[in-house]
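Novice: Please construct the entire structure, taking both the sequences and the accompanying hints into account.
The residues making up each chain are set out below.
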Amino acid sequence: KQEVTQIPAALSVPEGENLVLNCSFTDSAIYNLQWFRQDPGKGLTSLLLIQSSQREQTSGRLNASLDKSSGRSTLYIAASQPGDSATYLCAVSRETSGSRLTFGEGTQLTVNP
Amino acid sequence: KAGVTQTPRYLIKTRGQQVTLSCSPISGHRSVSWYQQTPGQGLQFLFEYFSETQRNKGNFPGRFSGRQFSNSRSEMNVSTLELGDSALYLCASLRGGSTDTQYFGPGTRLTVL
Chain B
1 KQEVTQIPAA LSVPEGENLV LNCSFTDSAI YNLQWFRQDP GKGLTSLLLI
51 QSSQREQTSG RLNASLDKSS GRSTLYIAAS QPGDSATYLC AVSRETSGSR
101 LTFGEGTQLT VNP
Chain S
1001 KAGVTQTPRY LIKTRGQQVT LSCSPISGHR SVSWYQQTPG QGLQFLFEYF
1051 SETQRNKGNF PGRFSGRQFS NSRSEMNVST LELGDSALYL CASLRGGSTD
1101 TQYFGPGTRL TVL
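If you're matching them up, the sequences are chains B and S in order.
In terms of our numbering, the first sequence has 58 at position 58, counting the first letter as 1, and numbering is strictly consecutive.
Remember, our numbering sits 1000 above the position in the second sequence when you count from 1.
No lab work stands behind these hints: they were computed from the structure.
A quick note: this is a predicted structure, and the numbers were derived from the prediction, not measured.
Ideal Cβ placement from N, Cα and C applies to all residues, glycine included.
Misleading hints may appear alongside valid ones.
For lysine-lysine, the following BS3-like pairs were computed, each having C-alpha atoms within a straight-line distance of at most 30 Å [said to hold, decoys possible]:
#1 B:Lys42 to S:Lys1013
#2 B:Lys68 to B:Lys1
#3 S:Lys1057 to B:Lys42
Chain S stretches covered by chain B per the calculated footprint, using a threshold of three residues with CB under 8 Å from any CB of chain B [said to hold, decoys possible]:
#4 1031 to 1043
#5 1064 to 1072
Specialist: Next comes the structure, spelled out in structure tokens:
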């Protein structure tokens, strides 16, 4: 059974700081890994999708890496802003389960002005 | 391009009742997945429909069911509601390939009294 763990559970940083969120998964037989952002009481916004054959993806101030063999991914946020405050979730889809996503519990990020 | 829409956004029901939630995917997307999000269990996969057929199913009781119409819109039904069914129900839309990015709707907040 695939299990996804995110560390830390919560993070509070001052504005402008660079930060790293961590995600680990137990079964390396994945199709892809996706990072999402969720604002309180809202749906999920897709940030980055990394296919299993890729090592990283970048979008603006965000960079996500994937080490499939070790079961790890990191989300790097550069020059954090108060608007980045949200819960960040990583999710993996497995080769045997098609598009079904298994989510971590999330990291709640607060960026203080 | 319109995003994923879910109706209604909020629902209050009492135990024993049944409820139907609706999800309209992004135009051209043929797959719809449903997820339940609770503070205790996080995000859990319910089921996925592709071209009107259930393609994948999570570990939920038979009280949870769904269907998909020819225009790709999907409905989820929960019968004999229990207090523990109170949750945010999210649907995700993707074109159809298992490696595609999944786009989530804003969710339906269900409260069971």
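Novice: Confirm or reject each hint.
Specialist: Do the hints match the structure? See the list:
1. B:Lys42 to S:Lys1013: holds (20 Å)
2. B:Lys68 to B:Lys1: holds (16 Å)
3. S:Lys1057 to B:Lys42: Between Lys1057 of chain S and Lys42 of chain B the Cα gap is close to 24 Å, so the pair holds against 30 Å.
4. 1031 to 1043: It holds: at least three residues are needed, and the segment 1031 to 1043 of chain S offers 5 whose Cβ sits within less than 8 Å of chain B.
5. 1064 to 1072: violated (count 0)
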